[in-house]
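So the protein sequences, as listed, match chains A and B.
Under our numbering, residues 1 to 223 are what the first sequence spells out, in order.
Under our numbering, residues 1 to 317 are what the second sequence spells out, in order.
Hints listed in this document are in silico derivations from the structure and should not be mistaken for laboratory results.
This one's a predicted model, so the numbers in the text were calculated from it and none came from an experiment.
A portion of the hints provided could be inaccurate.
Calculated cross-link-like contacts (lysine-lysine; reagent style DSS-like; alpha-carbon spacing at most 30 Å) [as the list claims (entries may be wrong)]:
id	chain 1	residue 1	chain 2	residue 2
1	B	Lys-48	B	Lys-173
2	B	Lys-144	A	Lys-80
3	B	Lys-225	B	Lys-173
4	B	Lys-48	B	Lys-225
5	B	Lys-144	B	Lys-225
6	B	Lys-173	A	Lys-80
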Amino acid sequence: MGAWSTYRLSDFLLFSPQTYYRLFELYNQNIRPAQIVSFLLGLVILWLLYRGDRHGRWIAAILAAYWLWIAVAFHWLWYKSINWAAAYFAGLFVIEALLLIWTGIIRDRLRFDAVQPLFRRAGTAIFLFALLLQPLIGPLAGRAWTQVQVFGVAPDPTAVGTLGILLVPDHRIHWGLMIMPLLWCIISGATLWAMESPDALLLPVTGGLVLVLAVWKRLCRHR
Amino acid sequence: MKHSSDISRRADITRRDFLRTMAAAGTCLMLRPPSILGASQQSMHTRKIPSTGEEMPAIGLGSWITFNVGFDPVARDTCVQVMKNFFDAGGRIIDSSPMYGSSQDVIGYGLAQLNHPDRLFSADKVWTYSDGNGPSQIAESRQKWNVPEFDLLQVHNLLSWQAHLELLFEMKKKGRLRYVGITTSHGRRHDDFEQIMRRHPLDFVQFSYNVVNREAEERLLPLAKDRGIAVIINRPFRQSELIDFVKRHPLPEWASEIDCDNWAQILLKFIISHPAVTCAIPATRQVTHVRENMGALHGRLPDENMRRRIVRHVEKL
Numbered sequence: 001m002g003a004w005s006t007y008r009l010s011d012f013l014l015f016s017p018q019t020y021y022r023l024f025e026l027y028n029q030n031i032r033p034a035q036i037v038s039f040l041l042g043l044v045i046l047w048l049l050y051r052g053d054r055h056g057r058w059i060a061a062i063l064a065a066y067w068l069w070i071a072v073a074f075h076w077l078w079y080k081s082i083n084w085a086a087a088y089f090a091g092l093f094v095i096e097a098l099l100l101i102w103t104g105i106i107r108d109r110l111r112f113d114a115v116q117p118l119f120r121r122a123g124t125a126i127f128l129f130a131l132l133l134q135p136l137i138g139p140l141a142g143r144a145w146t147q148v149q150v151f152g153v154a155p156d157p158t159a160v161g162t163l164g165i166l167l168v169p170d171h172r173i174h175w176g177l178m179i180m181p182l183l184w185c186i187i188s189g190a191t192l193w194a195m196e197s198p199d200a201l202l203l204p205v206t207g208g209l210v211l212v213l214a215v216w217k218r219l220c221r222h223r
Numbered sequence: 001m002k003h004s005s006d007i008s009r010r011a012d013i014t015r016r017d018f019l020r021t022m023a024a025a026g027t028c029l030m031l032r033p034p035s036i037l038g039a040s041q042q043s044m045h046t047r048k049i050p051s052t053g054e055e056m057p058a059i060g061l062g063s064w065i066t067f068n069v070g071f072d073p074v075a076r077d078t079c080v081q082v083m084k085n086f087f088d089a090g091g092r093i094i095d096s097s098p099m100y101g102s103s104q105d106v107i108g109y110g111l112a113q114l115n116h117p118d119r120l121f122s123a124d125k126v127w128t129y130s131d132g133n134g135p136s137q138i139a140e141s142r143q144k145w146n147v148p149e150f151d152l153l154q155v156h157n158l159l160s161w162q163a164h165l166e167l168l169f170e171m172k173k174k175g176r177l178r179y180v181g182i183t184t185s186h187g188r189r190h191d192d193f194e195q196i197m198r199r200h201p202l203d204f205v206q207f208s209y210n211v212v213n214r215e216a217e218e219r220l221l222p223l224a225k226d227r228g229i230a231v232i233i234n235r236p237f238r239q240s241e242l243i244d245f246v247k248r249h250p251l252p253e254w255a256s257e258i259d260c261d262n263w264a265q266i267l268l269k270f271i272i273s274h275p276a277v278t279c280a281i282p283a284t285r286q287v288t289h290v291r292e293n294m295g296a297l298h299g300r301l302p303d304e305n306m307r308r309r310i311v312r313h314v315e316k317l
């Protein structure tokens, strides 16, 4: 362990909470009206999930677009200005986008035509949480509305929403597609924890819940 | 010409004018808060850099976290104000690192806004695992600060220190760098640190030391004194943990015995009163805080008894 054992999580934090949330404010100002577009596309995903037929390619395409956007617009262009590690986060988000394109579009492996009701409900609920409720948590925690983190353009709700959607398909558990969103739940949760944010546990808990549901789904499939 | 005119004007001053002026000046002095008075009128605590004898004010400015504000124009301008107040109060050394996000860019922005004050002593670091990336990283840092050369470059947290130290000594030999140093923080790797201090002709070392973290008193500070190495102290307030804690308690009565108006000055004077310390580098993004910090450059410093008293008092809080 050596010197590493003497580090605390907060020792890795390069910026103040004020700077972090202000980053979202400036980012939101600069990408307007992308938030509206991303929200509407989220509603499109919801409609495609509700239809429950073979629209997996469209859902994968929208999700891949979200992850690519966040990789470039958020991590590379904005977050990297206060956190050099964001360059690596951008890489992770590009990989997830490419995996979604490969699995969902090219190989057409995201099928929503014969889903199990329990996991459809659970996945849709998590997706709805990311789309509608998660962005409200910041303002409810006392942060400015201008710093709101919108699904599709901000990484946290996008990771949670993606995990929700990945619970729904009938075909199989897409562990490969789940790795990056789960990893982000840990990374962002750790960042918020180091900043002593009141919502620090939200992402790790949601990620853990999705993981439990995914394992359960897999066990159901083998029965 | 100017000189003779001044003399003739002085000759016209009557005794009454003189007394009136002195009375007005005395009133002004009484009305001014001690910290402002100190900056302009009292002698400032400076320390000599042992390897050259160059004078250095005992309080500098760090940039860890506080200056990493990205593109935020409002926060950047606040940082400029902090820098302006720092220089106005007699400050010289600003310390940063490629590790500190946008801090170097923000310092560069601030220096440009302030027309590159002559008194700046630029201190930065090399921080890369790769032995070969040192020169390009230094060039990039210099570009961000927009300075022709750095005054001091330090190997950050002893990362790949062998190769980087060699590079820095080479730069110094060629006249492209004035001082070479190494850094650590949080009390880490003190054994390695000590070995490097013994074996290499360092100008500066930087490590953590404060009233509740005094490990450096045992070996590093005495060794620096023996070896004639200047000492920069980081984390004087343990980020903000220590100052936030002590501020919850009233200022001790004896604070006036060392001319301290606030806790920040007590904590900083404790540090700079150590005979081996050259300067402490508190980081802040608040103008009021930089003014408080710079107030520690003036007035009486604690003697050994008072230093022990400070430790006892803080430990009891």
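Broken hints, numbered, in rising order? Violated hints (numbers, rising): 5 and 6; every other hint is consistent with the structure.
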